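Read off the chains here:
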Amino acid sequence: MSAREDILKAITANKPALVELPVIDSAKVIQYNDIVQQFKTVLQSIGGTAIELTDLDALKTELEAKKAAGEVVVNRIAEIGTVDNSIAALTATELAAVEVAYLKATLGVAENGSVWLYESQMGNRLLPFICQHLVIVIDRNSIVTTMHHAYKQVDTAKEGFGVFLAGPSKTADIEQSLVIGAHGARSLIVYIV
Amino acid sequence: MSKVLTHAEAAEQFIADEPRTDWHNDTLWFVRQKRDKAAHGLPEWEQLREWASQIKNHTLSNLDQYLVEFEKNAIANGITVHWAANGEEHNRIIYDIIQKNKIQKIVKSKSMLTEECGMNEFLHGKGIDIVDTDLGERIVQFRKEPPSHIVLPAIHLKKKDVSDTFHEHLHTEKGNNDPQYLTEAARQHLRKKFVESELAITGVNFAVAETGGFVVCTNEGNADMGTHAAKIHIACMGFEKIIPKAEHLAVFLRLLARSATGQPITTYSSHFQKPREGQEMHLVIVDNGRTKQLGRADFRNSLKCIRCAACFNTCPVYRRSGGHSYHTAVAGPIGSILNPNIDMRANADLPFASTLCGSCSNVCPVKIDIHEQLWKWRQVLVAEGYVDTTKKIGLKGMAFVLAHPAIYRFAGRAGRAVMRLFPFVLNNKLNPWYKQREMPAPPKQSFRDWYIKNIKS
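As you go down the protein sequences, you meet chains A and B in turn. Residue numbering for the first sequence follows our numbering, starting at 473 and increasing by one per position. Residue numbering for the second sequence follows our numbering, starting at 57 and increasing by one per position.
Don't take every hint at face value.
Straight line, CA to CA, 25 Å or less: simulated PhoX-like cross-link-like pairs of lysine-lysine [claimed, not checked]:
id : chain 1 : residue 1 : chain 2 : residue 2
1  : A       : K624      : B       : K330
2  : A       : K487      : B       : K423
3  : B       : K287      : B       : K249
No lab work stands behind these hints: they were computed from the structure. Model, not experiment: these values are computed from the prediction.
Here chain A stands alone, though its shape is the one from the complex (with noise of 0.2 Å):
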């Protein structure tokens, strides 16, 4: 415990006179006449699709159809057909083979097209990350301006982990050309309801 004690010691008597906090007002920052199209443009600009939908009934047909089809994959949307509640505990390997993932998001972000999704909606931590391609549905009025927003309606220390997730997985290492699909999911689609 000796480190611990140095460094906060050393912090106490190496710290500066004490400043205040600034307030921050969610009111002077930037406004959006359509924050619906504006998620929409910025999504799609990052490399995701955004699709606004009357209601879930195609969802579930394409749903049905790729399970038919023999397709693996993993629905946590309960209006689109049944939830598979046993992925916690599967393993990386087993959730490595999976195509398509469905999803509900609690809210969307105007200003940079990003959705926020507790651990309880995704399953299993790895779900939104190791799946091939992953699909989200959001209210379309869970969609709020910006990240002030955001953060008044999520409860980030509520569960084991949460994430902000904007557009497919992406890389720009190799002399910055844009590649998508890095090591996260190769595409992402927006359904906003």
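Dock chain B against chain A, hints included.
Chain B in isolation, oriented as in the chain A frame:
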């Protein structure tokens, strides 16, 4: 071990290949332009920088309390917290966890702290190999090179270099330079590593005192692929990564990716709060000179840094000398004000690797006065005797001449005459100012002579 070149010596080698230097310069400027576009898209950009700066200033002024609060909450979340006074202790803590659990398969996502501590080399010396999983880091790891940039580790390499490296290590097609093809090869190679990994090591972007949780940001998803697959997760952080509350994440996540690459946010901003069922989660809090820097009033606010690398991309010296010239884990302008604190003698050259143009300070999302600190470090290093004597004698000579007008005027006349009559005296390799430039044509008269003749008469 070979002698470490100074920044100027290494930069000289870097710029020997002129087309490549131009390409490096243009590539990083392109990233800087993307940053500008993203920043200009938010009318509150300057307000955000001010908030970020104030939050970090406040945090530094109450850091001991926040660390204690963070530790208490993290432990309550089921995270094991370790403290390390320096790099060796940090490496030892990780080694002990590996030993205790008899771990053989380890993946690591990007962590500049582990680079700073020399963790990979330390563990390699113990017969333990780590797989770097960020694509750029994997590329430089195959090539046995350090990263040359904290966000874009392989920015000094061209497609062909990567293709050759992958051909050698991953048996990709010789001469296939397509980034899509090469990335896919790395994806397949690293998926195997993720799935079989027993331990995942990550860095930390932000640690939140109020919740005891921490945030890790990546675009590739490599941090998540590792941590959610492995039975043990170790996250490593310098103690300055603390912020007070979760709501402050909004400010920093809005600034970080926009400043780094011009993206509105990284693809994955992962919030780790508790280990998953059956998983062990460790967090190592490291000092390694940071308490000393906190005590240096002129330099402490360098600890506000969020490692976005905007100062690298804008720096005319970085862009034309490459990251490896800085011979430290964190290169660029921010590295040049952080590294003299860690080792003044070894890093005395770095604060001089700057034009003091101030662009770094202008783009910094947390408003660190980087160029002013570069200038102040120069003074400290000269006063402490770490600057080479020729530079010192030259500066003293200049100070003497500038303080004596008659000598200054005589020297000016003599210099102009020499440049006109005997140009080869200056236009040769012994004159450092002649390197990479032509000497200007000497004026016939000085400004003073011109002024006396034209204005006074």
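Is K487(A) within 25 Å of K423(B), Cα to Cα?
Roughly 19 Å between the alpha carbons, so the hint for K487(A) and K423(B) holds.
Satisfaction of hint between K330(B) and K624(A), Cα-Cα up to 25 Å:
The hint holds at about 21 Å.
Holds or violated: are the alpha carbons of K287(B) and K249(B) at most 25 Å from each other?
Roughly 14 Å between the alpha carbons, so the hint for K287(B) and K249(B) holds.
Every hint from the earlier list agrees with this structure, and none is contradicted.
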